[in-house]
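Protein chains in written order, with our numbering: chain E, 4 to 301; chain Z, 2 to 278.
Worth flagging that the hints you see were computed from the coordinates, not collected in a lab. From the three backbone atoms N, C-alpha and C, an ideal C-beta is built for every residue, glycine too. You may find that some hints are simply not true.
To be verified - Pulled from the structure, derived: some chain Z residues nowhere near chain E, Cβ distances all over 12 Å: (1) Ala51; (2) Lys60; (3) Phe148.
Unchecked claim - What follows is a set of in silico ranges between Cβ atoms, one per label pair, in the way DEER data are often shown: (4) Z:Val12 / E:Gly185: 28 to 36 Å; (5) Z:Trp23 / E:Gly164: 28 to 36 Å; (6) E:Asn194 / Z:Ile216: 29 to 37 Å; (7) Z:Ala49 / E:Gly134: 55 to 63 Å; (8) E:Gly62 / Z:Ile216: 39 to 47 Å; (9) Z:Ile3 / E:Gly134: 50 to 58 Å; (10) Z:Phe27 / E:Glu69: 45 to 53 Å; (11) Z:Ala154 / E:Asp126: 52 to 60 Å; (12) Z:Lys18 / E:Gly33: 53 to 61 Å; (13) E:Thr171 / Z:Val12: 53 to 61 Å; (14) Z:Lys18 / E:Thr171: 52 to 60 Å; (15) E:Glu69 / Z:Trp23: 41 to 49 Å.
What the hints assert, rightly or not - From the structure, some residues in chain Z lie toward chain E, with a derived Cβ separation under 10 Å: (16) Met2; (17) Ala6; (18) Arg70; (19) Met98; (20) Leu99; (21) Asn102; (22) Gln273.
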Amino acid sequence: MTAVLEIADVSKAFGTTQALSNFSLSIPEGGVYGLLGPNGAGKSTLLRIVLGLIRADNGQVKLLGEAGTSPALLRRTGSLIETPNFWPSLTARGVLDTLGRLSGQADRGKPIDAILERVGIADAADRKVHGFSVGMKQRLGLAAALLTGPEVLILDEPTNGMDPNGVTEMRRLLRELADTDGVTVILSSHNLDEVQRLCDRVAIMDHGRLAFEGAVADMASAGEHFTLTVSPVDKALTILGAKARAGEGGTITVDAARADAPGVIRALVEGGVDITEAKWAGADLEAFFFAQTKGATR
Amino acid sequence: MIGQAFSSEWVKALRQKRGLFWAYGFTPIAGLVIGLIGFIWLYSTNPAMAAMSAPSPMKALMDGCGVARNPVVILFLVMGAANLFAGEYRWLTWRYMLVRNTRLNLMAAKLAVFVLLSAICLLAFMLGGLIVAGVDSAFTHVAMQPFPKGAGAAILAAFGIALLDLAGVGALVAVASVVSRTLTGAIISIIVFLLVLVFAESQAMMHQVTWAQQILPGIAYDRLMAGVMGLIGAIPRQAMLASPVSVPGAIAVLVAWLAVPAALAAALFVRQDLSRE
Chain E
4 MTAVLEIADV SKAFGTTQAL SNFSLSIPEG GVYGLLGPNG AGKSTLLRIV LGLIRADNGQ
64 VKLLGEAGTS PALLRRTGSL IETPNFWPSL TARGVLDTLG RLSGQADRGK PIDAILERVG
124 IADAADRKVH GFSVGMKQRL GLAAALLTGP EVLILDEPTN GMDPNGVTEM RRLLRELADT
184 DGVTVILSSH NLDEVQRLCD RVAIMDHGRL AFEGAVADMA SAGEHFTLTV SPVDKALTIL
244 GAKARAGEGG TITVDAARAD APGVIRALVE GGVDITEAKW AGADLEAFFF AQTKGATR
Chain Z
2 MIGQAFSSEW VKALRQKRGL FWAYGFTPIA GLVIGLIGFI WLYSTNPAMA AMSAPSPMKA
62 LMDGCGVARN PVVILFLVMG AANLFAGEYR WLTWRYMLVR NTRLNLMAAK LAVFVLLSAI
122 CLLAFMLGGL IVAGVDSAFT HVAMQPFPKG AGAAILAAFG IALLDLAGVG ALVAVASVVS
182 RTLTGAIISI IVFLLVLVFA ESQAMMHQVT WAQQILPGIA YDRLMAGVMG LIGAIPRQAM
242 LASPVSVPGA IAVLVAWLAV PAALAAALFV RQDLSRE
């Protein structure tokens, strides 16, 4: 699979704070890719390095197969970094026209109207930006990112500050861009639920390091577990080994995919363990996330 | 790509009408109003004195260029330049621009827009001076003085010198903006710096200008304006001839006051991390 973004051994320090430590990652073409991590994990720093806003201390970044951050290359991407701000005395249309001129786009009028329509702020096209809510600015930021017809969209916390309807609409739009338009969407988030709902693959970052990389489905199945009420507990733990741990009130938690449940239960019954209750708890993504981020050290 | 950067900066500046008015429009309008009020007051209190000298369009145009050294006009222009250069830090908007054009192009485009708007400001002052001279002539029935020989070249030269001087101010604001990353930081630091320069220039003009003092932009500006006055046979003030520097040398000084800060601003900006604008 072709990589749209290859990051090799990238480090960046701000004074004594190490924002990224020999960070490497390869993001495949297509779909929605999530960079997940707590605040301060280095997500924004990484995206700013990719976009040439800050310079890495060492390491290499290849975007769309090319090293460097020339405007010609970056024009093939669209980006939205953190909560967007714009020139307050310009209208939404004025902002997009100004940015369109900057990248030498001819015939700006039509695309601007279509893009504003697509992101849902066509009715505010001629309103000055200083009256915009955070959610409207996010939409305008996405409109600016779409202006050049990008192959890759790089979005830093794209749903920050949006109301629930706006969040749903933004997720739908991003999914549509990936599925229908063939745009590779790379987004950062500290919202586990958002990444689970929206992304195909995910990289979990912590303290500037890569803690996990894989398909969201893998991450979800990695957290799947059962809670069983058994007797005797010690015997059950012996039979199941490392994938089980004791809980409270005669319960054990078994880390296993749903498909493995019959085998687990059969093994316990055949081993002479009484099962009085079995409860499918689904994936505990939160526990998985915390386990991953706890493991990474600065 | 520089053309695209200039086009974008130009339309953006034109769309920010309030900032545009205060930086480049207010002082010429105020200058015109003050000129008209001054004349009307003189005419109404002492018509004979008002009619004593024929209004000179040449003087009006040269005075219009001369506002490039007026501290009040410079203050407003510095605010305009700071809005251009430091505004992107204030509004966190570099992030949209740097993915669309090069940092050098963006800096150059901003400086070019400032110079163009300053040129319009100077032209507005010159036009205002002509209007006052015309009103003077119409009220006093004294015909305006004819343009002297060599007037066209002198006006063009004075305009060019004034603009070069102002471009240097713009370049200084660019450096201050990149270093301070704030609007107020850029304005205050440049105002203080210009005050120090003016003080140094006034000290220099009180005595024979030393070799080191020749690098002051005000000294070079005066030397060049003295040369321009020579083109039309006018006699410059003694202080304007205090500098032993040649005309080419004075031009080199003003060019250096533009080129060195502009290069410094570009060099700093190209290497600047924008972790937060």
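### Query
What hint numbers does the structure not satisfy?
Per hint list: 6, 9, 12, 13, 14 and 18 violated.
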